[in-house]
Amino acid sequence: MTIPGLLPELEVIRKDFPILERTVAGGQPLVYLDSANTSQKPQCVIDSMVDHLERHNANISRAMHALGAEATEAFEGARDRVAAFVKAPSRDEVVFTKNASEALNLVANTLAWAKGPLAVGEGDEIVITEMEHHSNIVPWQLLAERTGATLRWFGLTDDGRLDLSGVDDLITERTKVVSLTWVSNMLGTINPVADIAARAREVGALVVVDASQAAPQLPVDVVASGADFVAFTGHKVVGPTGIGVLWGRREVLEALPPFLGGGEMIATVSMERSTWAGIPHKFEAGTPPIVEAVGLGAAVDYLDAVGMEAIHAHEQAITGYALEGLLSVPGLTVLGPQDAASRGGAVAFELAGVHPHDVAQVLDTRGIAVRAGHHCAKPAHARFGVQSSTRMSSYLYTTPAEIDALVEGLHYTRSYFKVG
Amino acid sequence: MTIPGLLPELEVIRKDFPILERTVAGGQPLVYLDSANTSQKPQCVIDSMVDHLERHNANISRAMHALGAEATEAFEGARDRVAAFVKAPSRDEVVFTKNASEALNLVANTLAWAKGPLAVGEGDEIVITEMEHHSNIVPWQLLAERTGATLRWFGLTDDGRLDLSGVDDLITERTKVVSLTWVSNMLGTINPVADIAARAREVGALVVVDASQAAPQLPVDVVASGADFVAFTGHKVVGPTGIGVLWGRREVLEALPPFLGGGEMIATVSMERSTWAGIPHKFEAGTPPIVEAVGLGAAVDYLDAVGMEAIHAHEQAITGYALEGLLSVPGLTVLGPQDAASRGGAVAFELAGVHPHDVAQVLDTRGIAVRAGHHCAKPAHARFGVQSSTRMSSYLYTTPAEIDALVEGLHYTRSYFKVG
Amino acid sequence: MSAELDALYQEIILDHYKNPHHAGLREPYEAEVHHVNPTCGDEVTLRVHLDGDRVVDVSYDALGCSISQASASVMTDLVIGRRVEEALAVHEEFLALMQGKGTVEPDEDVLEDGIAFAGVAKFPARVKCALLGWMAWKDATSQVLRNDNPQETA
Amino acid sequence: MSAELDALYQEIILDHYKNPHHAGLREPYEAEVHHVNPTCGDEVTLRVHLDGDRVVDVSYDALGCSISQASASVMTDLVIGRRVEEALAVHEEFLALMQGKGTVEPDEDVLEDGIAFAGVAKFPARVKCALLGWMAWKDATSQVLRNDNPQETA
Ligand SMILES: Cc1ncc(COP(=O)(O)O)c(C=O)c1O
Ligand SMILES: Cc1ncc(COP(=O)(O)O)c(C=O)c1O
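Protein chains in written order, with the numbering used here: chain Y, 24 to 443; chain X, 24 to 443; chain R, 785 to 938; chain D, 785 to 938.
Rather than coming from a laboratory, the hints here were simulated on the basis of the structure.
This one's a predicted model, so the numbers in the text were calculated from it and none came from an experiment.
Glycine included, C-beta positions come from ideal geometry on N, C-alpha and C.
With a straight-line Cα cutoff of 30 Å, these simulated DSSO-like cross-link-like pairs (lysine-lysine) come out:
id, chain 1, residue 1, chain 2, residue 2
1, D, 906, X, 441
2, D, 912, X, 441
3, X, 110, R, 912
4, D, 802, X, 441
5, D, 912, Y, 110
6, D, 885, X, 441
7, R, 885, Y, 441
8, Y, 441, R, 912
9, R, 802, R, 906
10, Y, 138, X, 138
11, D, 885, Y, 110
12, R, 802, Y, 441
13, X, 110, R, 885
14, D, 922, D, 802
15, R, 802, R, 885
16, R, 906, Y, 441
One side only, chain R facing chain Y, incomplete, derived with CB under 10 Å:
id, residue
17, 786
18, 788
19, 789
20, 792
21, 793
22, 798
23, 826
24, 827
25, 848
26, 849
27, 850
28, 851
29, 852
30, 853
31, 907
32, 909
Hey, can you work out the whole structure from these sequences and the hints?
Listed below in structure tokens is the structure:
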């Protein structure tokens, strides 16, 4: 199978991921098509974590001994690598969180307490979109409820793109924050974040970009994105769970009040009052995810070594092939844009007559892992009048043969449930 | 060297910790006396994480395929083990956070938004102590500042215990929350949490116990502690970084508003409004620390297998031996209680004429890792008129010979700096 | 793999899925509840109508997979017409079957078509599906019972 | 290991530590700053007194380890009496030495006793200590310079 754009050394890359050698469901090879949910980890990431735990483990900053210096260097070195991965102007603008959800909540939460120009209150508006992951909806609902601000959102077109027709009504002088996803985890849509950011800038609104699905797939340049904040999560970029990233523009990070309080985020503490450390530490209370940062550093190095452009091309090639295969299944409807060029590698679909949960179950008995449900995007499902869908999602290790297995599995599913 | 109370199989236990075989500072064996800062990890914890990443990695709950089921079982299984470790009446009362700091902030933060009987506002008082870690001070300062409540605190006696003489003036009908550490990370003091909790209960105040230093060393029974909340951190109980635990009484957890918003913590989401999942999920927004929970589960299993009573006895024996050795060094003053029976295994001290940072440096060249500085307890240092101290802290793998090395190193430090 | 699937998707289940019994929302009723499975989003709106200690009607509107739909259908067959106490006992029996991880032998005399769900117990991710309708029924019924003077809420 | 220590704790450093130059807080001054090293808690309160473009006095009250104390002492020797511009150049040179990870060869003509800190650059955890006083001085000096009409704040 040769499709233009596929990673040339695909079999070599697959060898880097130990789990891909596993068999499931009674000896069948694992066909892992759930990477938008979480990605698998290459050996080098796992090894970096083991080496850290077995040889360099210590707490950071505060520890001045040899192990402490090694652990601090490993942790802060990971910050340098992540800063380079997203082309951050300064390493100090990279805040480690526990996941993307916390990164988004950090922004919403500190805005709830901000004073001065960043303060959010009655009469102010927060703009999101109907295709957001719950983690980019609920924090803003809470902010609106707690400050009296109003939550508004971009609707979607029938082909699963943002409906930009009313942008000038939506993003106005009242808008304080615009928060949107770069790539939809359900529809696959790639949004024109830089255009929307430019419009938001005109009215002086802050722009938050949820890059949870973008960072794994696209070359990310935080400055070019036009955003004030960019959030993503370690476990989707072949890194471990327990770590996420919030990049923020220095001026804004500096102007925000602290998020969580405690060790590491202080300059000085007395019983009466405390002062805060500079960024990024101001936002990193307590012992940070040290071994997770080590793993994440190795992960982004791995992705950079393969090349984000090449990974993006691979995703597009696989997605195009998958769209073709899926649409050959009778009764199957793909949600979201139908052309691979304008979308990411998550493809959600419906199969007439079979509930997604049942589709996933049949596929699972064939060793094929897909996701079924609302994918933490209930409003986007509601917009298309469906309660749930089945989603396949690829990554740099996905092969055309795996897509073939999926398509075959779907034909089998139809026959098993006697539809058509 | 036989001291009553030492773990009988100490050499076997040490073999479980790969890092203890490391040499540092030009070939000298590592003498790790910084376990109150972070503990080392046994091989079984590291292996459980590797096995998870290499064979069972998937996102949880939301994933319905074989790997998803395995990962979910591993994650929720870890919750069961942690619940058993602290004798929680129900597994649903165990919330996973990213560290102890987040656990404490979770309580302070949700109280800031609570309505009804839990609401905190002007005229209300929050009581902490002068020996708290910054992570149990700053969240309450922020809560007080944000709600208009007043922060008050227990002072300390000259021998480093809580000054309970004014307890009835301090804990009154106005008190909404009493938050205190079980074991001080600087003074080593073990506080009478159950007594204070009983007093707090009388006035209807919530009781938060910071068990970050207690959970590693003492058998913990959350119900017997009398607390409404107990917080601790994974990396100090031979588990990984990136995970902490908040145990809370069901009624209180259920009555609190959510903390962070996003995936996993919802029952249903529409653009207009959302509803929350039941506990513990209500407080676990986003992809949780999955591989970290696996590691933590293995960690508490390991501690339970050795036996928390035995570990406590070991800590006391080593601490007693250390106190004796330290006090033999001329010019050395131990901060906090001088008898091992009423303290935990962290011993902070001053060495006349040599700054703690310099003490730590000299020890480091001998392979001995201790902590120097304020140990995230600036107010406790200020109370004793010192700006910083040197701290040695032991754990279940610490040997008397390591204490001897420390004491010898301190004699050498004095001669190096020509004091005395 | 087909054998494994067949253990889960018994003919009886697929029949109930295609032709659910007692589906739709009806009046009168004394309590209505809405339950969701947050994981996959399955939803059920369910009403109960009791007359004294007798379950006169259970009506529902369910969105969900074959297992959750069929289970709701079977549930209505098993509880409608029964005394509340008996129906709750059947619920207990079904719960025990589902939580038994495949080790519990189902009693056909009690569970009737419900025995078809024995295979579901081996699929932990599907147990929640099979219990969705039952949990909603139990919740609605308790609401009515808690209410000393049941009133029409329609 | 003593050799390693000796590389860090040069005699000059220990001398300045035991007998710090220009210690204590004095008047007059145009700016006072308070800097801390959040990691270990070392603190310095520092005042500068400029006359036109000349550093007339730098006085300080420092709590900290041998390295941070000695460094503040050496710093005052190097900047007092100099033109601000020259003093800032010396600061740059010292900064370059400290951040050089041990690869920068110090220039004794410029740094005088400051060359004793060359060994510190190999101990990343101590670099912050050595820079504490210097950073405070630079901060205070910039404050005075930012102020077009410097006024006594005492
Ligand atoms: C008593 C005490 N409380 C809280 C903490 C904070 O733990 P963490 O840094 O893991 O959040 C620590 C340790 O640093 C501690 O010793
Ligand atoms: C678009 C998007 N945003 C946010 C998230 C949340 O990431 P996490 O669960 O790691 O916090 C995800 C993934 O679950 C996602 O796909």
